[in-house]
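Peer 1: Here is what each chain is made of, one letter per residue.
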Amino acid sequence: MLSRVAENVYWMSRYVERAENIARIINVNAFLLLDLPKKVRPGWEPLVQITGGEALFKDMKGIYDERHVVKFLIGEELNPGSLLSSLRQARENARTIRDFVPRETYEYLNELYLFARTHLSKGLSAQGRFGYLKSIILGTQTITGLLAGSMIHDDGYDFLRMGRNLERGDMTTRIIDVRSANLLPNVASELRPFESIQWVSVLKSLSAYQMYRRKMQVNVRRAEALRFLLQERSFPRAFAHTVGEVEFCLRSLPHNTQPLKIARGLLATVNSVKPEKLQQAELHQFIDSLQLTLNELHDCIYSTYFSAQASEPKPQAEAVRPSQRVALPQQG
Amino acid sequence: MTIRWSSYTAKGFFDELIENGRPRDASKPLGEHLSTLSNAEIKERKAAAELAIQVMGITFTVYSQEGGSIDRAWPFDIIPRIIRKSEWDVIEKGLRQRVRALNLFIDDIYHQQRIVKNKVFPRELLLDSKNFRPECKGASVPHQAWANVCGSDLIRDKDGTMYVLEDNLRVPSGVSYMLENRQVQKRVFPELFASGNILPVDDYPSQLYDMLASLSPRKVKRPEVVVLTPGIYNSAYFEHAYLAQQMGVELVEGRDLAVADDDCVYMRTIEGLARVDVIYRRIDDLFMDPSVFVKDSVIGVSGLMRAWQKGNVALANAPGAGVADDKVVYAYVPQMIKYYLDEEPIIPNVPTYLCINKDERKHVLANLDKLVVKPANESGGYGMLIGTRSTRKQRTEFAKLIKQDPRNYIAQPLIALSTVPTLVDDHVEGRHVDLRPFILSGKRTYVTLGGLTRVALVKGSTVVNSSQGGGSKDTWIVDTDS
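Protein chains in written order, with our numbering: chain A, 41 to 372; chain B, 3 to 484.
Keep in mind that a hint or two might mislead.
Unchecked claim - So the derived list for chain B, only partly shown, Cβ under 7 Å to chain A, looks like this:
1) T38
2) R116
3) D161
4) A243
5) I272
6) G274
7) L275
8) D483
Claimed, not checked - Far from chain B, some chain A residues (derived; all Cβ distances over 10 Å):
9) L160
10) K174
11) S190
To be verified - Going by beta-carbon spacing under 10 Å, a handful of chain B positions derived as facing chain A:
12) L106
13) F134
14) R135
15) E137
16) G140
17) I234
18) V254
19) D258
20) Y268
21) M269
22) T271
23) E273
Since the hints were derived computationally from the structure, they do not count as laboratory data. We treat Cβ as the ideally placed atom computed from N, Cα and C, and that holds for glycine.
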């Protein structure tokens with residue numbers, strides 16, 4: 041399999057997944073704000089933080105209100121991490137591999153992008169937004185379904201799954217990190233009733249609330265929510281699940297010693313942590329270390345499969361240390 | 003209204019199917035069948051063809067940033083062009099002869115240049131040939147085959163004579179449409195294929211693969227053959243992808259390939275670097291290797307020429323093969339056939355006046371209103387003067403151009419292209435056609451059974467290019483003796 045094709049498949053699915061995640065976090069945030077008392081509402085700033093777009097947002101003289109943030113996240117062409125930019129990048133990747141993935145995938149993705157662009161004004165209006173984002177989420181899910189149901193599940197499909205799961209794992213850690221930091225650090229007694237609402241919102245940002253209830257059968261509490269989001273292998277958006285998927289895909293790929301080692305190390309780290317012992321500072325540090333290793337895994341997949349060199353490889357640039365301020369990774 | 007051949011006329015032209023109101027021998031089954039169909043039935047068949055084209059995704063692609071890529075459906079006419087096998091056998095022989103001579107010519111030009119020394123081919127023509135590549139001097143190619151894939155355009159004059167109009171020796175395209183047209187045609191008239199008299203064309207991809215494999219520098223059982231495309235923006239990308247898929251080989255872009263320190267070519271795969279033996283390149287010479295030719299080419303592979311010169315990789319067509327793809331050089335093909343093969347040309351050239359020769363130039367300038375003037379190195383019908391349809395101003399302009407650069411111009415009499423009945427709304431009318439057969443040269447030579455028939459869908463037009471209102475037809479070689 042050609043490296044270029046593998047790379048295009050990988051990024052196509054990463055960008056599709058990203059578009060879906062952005063749509064989800066915006067919808068959830070809107071509902072969360074309606075449930076909280078005014079003085080503790082986190083507002084819209086956390087969403088920009090989650091996508092690592094603060095620097096750009098500041099450059100563009102954005103104001104952290106609903107209108108500006110939603111425009112920035114959904115329709116801003118200058119924001120490489122916006123929903124529209126993500127769909128465009130997904131389409132560009134799909135276009136060059138039209139003959140590799142089922143042809144209808146490209147056609148559908150093209151349609152989805154055109155839909156997102158044509159109906160943008162609806163997406164930016166308070167009334168139209170929910171429906172617009174729901175259509176995007178369903179559209180991205182359709183693409184995932186089309187591929188699962190009609191593409192040969194060969195090496196190419198492994199790259200597709202790895203792209204999707206690395207993006208998902210990355211987003212999960214971003215959401216936990218930013219959201220938990222925004223949770224009331226010293227919960228005053230009159231606000232205690234809202235503590236669980238905030239953890240519910242974290243779960244909801246990851247479409248995890250209903251599944252949490254089914255699986256954990258307890259009220260939403262910090263330690264349980266963290267355990268669920270970090271370690272629950274059966275939940276597709278839990279960190280351990282996404283890394284487990286990547287690990288599984290790597291098993292059947294060639295030259296997998298190095299990337300497998302990183303993936304397995306990451307799994308061991310996340311599975312051995314005790315969420316109840318992670319206070320806010322430790323949690324932040326821990327998430328940071330997960331993100332670092334996730335980046336390392338991405339780099340390793342990149343150098344192992346996408347960039348075989350005919351002559352001596354040039355030294356790689358220093359890896360950027362992630363924190364919530366790091367922008368979403370983009371195709372180089 | 004059903005089709006009545008007795009009222010079909012192609013006045014002043016040779017019609018490929020109908021003669022004096024009756025189908026020719028080889029066209030009889032089709033002609034008779036068509037005249038039994040009702041209007042509604044013909045419409046049905048036409049709809050079947052359109053559906054097949056849509057379902058099979060036969061398109062040529064136009065890309066715009068605005069709406070993404072637009073795939074236009076391939077314009078196809080359901081009435082095929084038919085040639086008798088006995089006539090085709092002669093044409094095929096003629097094409098083999100022609101391509102053999104052309105390959106010997108190219109090989110000679112990059113080695114001793116005997117043909118120049120023996121004064122059969124003028125040295126000055128060679129010196130200003132745009133497609134002569136000094137980098138190819140002394141290079142030897144497998145089986146002396148430089149133009150591995152040749153597409154020669156054939157046209158038929160009103161008296162029935164078939165001429166070669168030009169030889170495309172660089173990166174001729176269209177063969178995928180020949181193959182797809184047949185697939186569509188089989189869905190439209192399955193009953194006519196039942197007789198078994200229509201010779202098959204589907205063999206081409208495996209013939210192409212065998213030819214390419216026969217060029218491999220490494221003698222391995224299954225050499226690594228790839229198709230090199232400029233990428234998705236190229237108008238022939240559909241064909242590149244199609245051929246790669248049909249041959250079961252990788253479709254690569256320049257950035258997928260690299261030349262290593264051992265001067266061998268490798269492609270980047272998820273397994274690491276994989277050695278490449280044969281490259282069917284659908285990129286022009288000048289964009290192939292930025293270290294030798296156009297420096298800022300982003301679709302080429304740096305070092306490719308070096309690897310080729312060292313014999314570590316085969317390129318098809320070989321670099322420099324385009325030297326014979328020049329309308330002035332074309333005029334000398336009959337002499338080449340005599341010189342290298344000691345044979346008489348089987349298919350004649352269209353009579354050609356070379357403006358570089360004083361007497362011929364004089365004749366051309368005096369007859370600009372009757373002749374077709376063409377630049378020597380353009381393709382796709384650009385920069386031409388069609389005398390009979392020209393204005394005085396255009397003729398003055400061309401007279402000036404010819405005097406300025408006589409080497410770059412040739413002139414030919416206007417050939418009244420033959421016609422084929424073509425569906426126009428609910429009836430048939432004659433439309434002008436040409437024919438592009440493809441000739442493969444490697445260890446063996448292979449000629450397609452027929453080729454791509456292009457048809458000018460606009461009444462009276464002789465422009466067959468798909469970008470300018472041209473379409474295509476399936477081409478049947480029919481064995482009337484079996």
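Peer 1: All hints are to be evaluated individually against the structure, with a verdict given for each.
Peer 2: A quick look at each hint next to the structure:
{"no.": "1", "hint": "T38", "in the structure": "violated (38 Å)"}
{"no.": "2", "hint": "R116", "in the structure": "violated (40 Å)"}
{"no.": "3", "hint": "D161", "in the structure": "violated (46 Å)"}
{"no.": "4", "hint": "A243", "in the structure": "holds (5 Å)"}
{"no.": "5", "hint": "I272", "in the structure": "holds (4 Å)"}
{"no.": "6", "hint": "G274", "in the structure": "holds (5 Å)"}
{"no.": "7", "hint": "L275", "in the structure": "holds (5 Å)"}
{"no.": "8", "hint": "D483", "in the structure": "violated (42 Å)"}
{"no.": "9", "hint": "L160", "in the structure": "holds (15 Å)"}
{"no.": "10", "hint": "K174", "in the structure": "holds (24 Å)"}
{"no.": "11", "hint": "S190", "in the structure": "holds (15 Å)"}
{"no.": "12", "hint": "L106", "in the structure": "violated (36 Å)"}
{"no.": "13", "hint": "F134", "in the structure": "violated (31 Å)"}
{"no.": "14", "hint": "R135", "in the structure": "violated (25 Å)"}
{"no.": "15", "hint": "E137", "in the structure": "violated (22 Å)"}
{"no.": "16", "hint": "G140", "in the structure": "violated (26 Å)"}
{"no.": "17", "hint": "I234", "in the structure": "holds (6 Å)"}
{"no.": "18", "hint": "V254", "in the structure": "holds (7 Å)"}
{"no.": "19", "hint": "D258", "in the structure": "holds (5 Å)"}
{"no.": "20", "hint": "Y268", "in the structure": "holds (6 Å)"}
{"no.": "21", "hint": "M269", "in the structure": "holds (7 Å)"}
{"no.": "22", "hint": "T271", "in the structure": "holds (6 Å)"}
{"no.": "23", "hint": "E273", "in the structure": "holds (5 Å)"}
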